[in-house]
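Line by line, the protein sequences are chains L, V and X. Numbering-wise (our numbering), the first sequence opens with residue 708 and increments by one. Numbering-wise (our numbering), the second sequence opens with residue 19 and increments by one. Numbering-wise (our numbering), the third sequence opens with residue 137 and increments by one.
Some hints here could point you the wrong way.
With a cut-off of at most 30 Å between alpha-carbon atoms, the simulated BS3-like pairs for lysine-lysine come out as follows [stated by the list, open to error]:
| # | chain 1 | residue 1 | chain 2 | residue 2 |
| --- | --- | --- | --- | --- |
| 1 | L | K713 | V | K247 |
| 2 | L | K737 | V | K256 |
| 3 | L | K731 | L | K814 |
| 4 | L | K750 | V | K159 |
| 5 | L | K713 | L | K810 |
| 6 | L | K737 | V | K161 |
| 7 | L | K720 | V | K247 |
| 8 | V | K260 | V | K159 |
| 9 | V | K268 | L | K737 |
Quick caveat, the hints were computed from the structure, so don't treat them as lab data.
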Amino acid sequence: MAKGVKARVKVPKTADVGEIVTLKTLISHKMESGQRKDSDGNKIPQSIINRFTCAFNGNTVIDVKMAAAISTNPYFAFDAVVPEAGEFHFTWYDDDGSIYEEKKSVKIA
Amino acid sequence: MKFKKLITVVVGALAIPFAAIAGEDSQLTVEGQLMVTSVAAPAHMENVDEIFSGWVFRKDETQALQMDDFDNPAFIFIDKAIDTFNAVDGTAGKACVSCHESPEVFKGLRASMPRVNSSGELETIPELVNGCRTERMGAEKWKWSEGNMAGIIGLIGLQSRGMPVNVAIDGAASGTWDKGKELYYTRVGQLNMSCANCHEDNYGNMIRADHLSMGQINGFPTYRLKNAKLNTIHARFKGCMKNIRATPYKEGGDEFKALELYVASRSNGLTIETPSVRN
Amino acid sequence: MKLTRRDTIAMGGAAALTTILPSFSSAATPVNELIMGVTGGADAASAGIFLTAPEIAENGNTVPISIDAPGAVAITVLAAGNPLPGVATFNFGAGSASQSATTRIRLAGTQDVVAVAEMADGSFASAHQTVKVTIGGCGG
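Model the full assembly from the supplied sequences, consistent with the hints where possible.
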């Protein structure tokens, strides 16, 4: 598990049926690109979050395949539809096998 | 401890035309609160009439990052600091929260730091934190600029966001303030430059591709795009000194503490922007 | 302030120019090649996809970009001058309200950022923009 990984997600607490909401997500992660060299001149191996997904009540909203060019502390903002009350489920997949998750519920206004 | 003998006295206001400061007319509002990013310079500054926050010198995209607490990447570190605040650490079995019911009790602290305490010593926030840790929590000292410390002082500083910087430079502080001022104007290093050469004589100009700011610290600790993390005041002082090929003073040492007091006083009147976003 | 020779040289050399890293033309992958890599050789229309990126990046480490392609199934973003051009592929599911996203990317130097959208009907659209990435000054 990469050290000190912490996620933040911005999800409205309530929405109208069918409302379009903008979701924002941020996760602290070094995103070691594999391009940096250590003091001996050897390349530090890549170690990044390689995939981010967001689903609502099981339906995929977005599925992002990520490469090392995504900045440290990856940030995504995107729009989702809220068809009914339910839960947004966010998942980040780390090269080292760890999986980070956040869940946020939305009520219907 | 010896201070540099060379005293460079800045004589007169050498009128150096500077490039228009990008964004000097734009306003910084964070979560609905208007920040003061430009104001008349404090009376003690002889060569400058108006002071500007570092925010003013950054590009539009960078400025935008600071205007929303979600878009501001510093807040992941604030979130982590809240966890740290609540976590037990040390032999006394306490967390910060055991004595300080919430970070909000620190409202106003950052705005007047550093300050002289009742024993006549200049104290800074990292010293207060480490004092609590070692004396009341039975925990280890944190290094001056390590992640935990940067996060906690960011969390504490956030409680003063929107309040005007107001550090005392007279009375018990005046001796240290004078030393800080001397340091600010003393040339050091292989490039033989003082803080003032860039941050007073050339703010608004480009140095290579960087838009030079006035070197204010009202937004520290700051999230720098360059290293994608929170940076503390002394870490930045150290970096600046290395950039001019000088041997940096010690973080947490007397020189940087005196310099911190002086530099903070150069922003008296600007609002605290902690945690800010800079390049 | 007394201007020493050192000052004048430092200020004159430093103050005037924005140092812009040229795109490594030998190392940069041609934009068309990158687009073909996504489309499998098919042509990509130049309309129907919007790429928003700054003209000059404050810092190559964190460059905010947005992409928007109404009706797209997926959008691939590439950086023509990075050591590895791949940046991200956004796949939009049934729960998405628009085929758009904002993120922050790393650019190794001045280069073209390319976005290729795959539409629901199998066609493609692409957009690209040059982003200037500067070497920092004394900020390091």
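For each hint, the structure was consulted:
no. : hint            : in the structure
1   : L/K713 / V/K247 : 13 Å, holds
2   : L/K737 / V/K256 : 23 Å, holds
3   : L/K731 / L/K814 : 18 Å, holds
4   : L/K750 / V/K159 : 33 Å, violated
5   : L/K713 / L/K810 : 13 Å, holds
6   : L/K737 / V/K161 : 21 Å, holds
7   : L/K720 / V/K247 : 29 Å, holds
8   : V/K260 / V/K159 : 26 Å, holds
9   : V/K268 / L/K737 : 27 Å, holds
Checked against the numbered hints given earlier, the structure breaks only hint 4 and satisfies all the rest.
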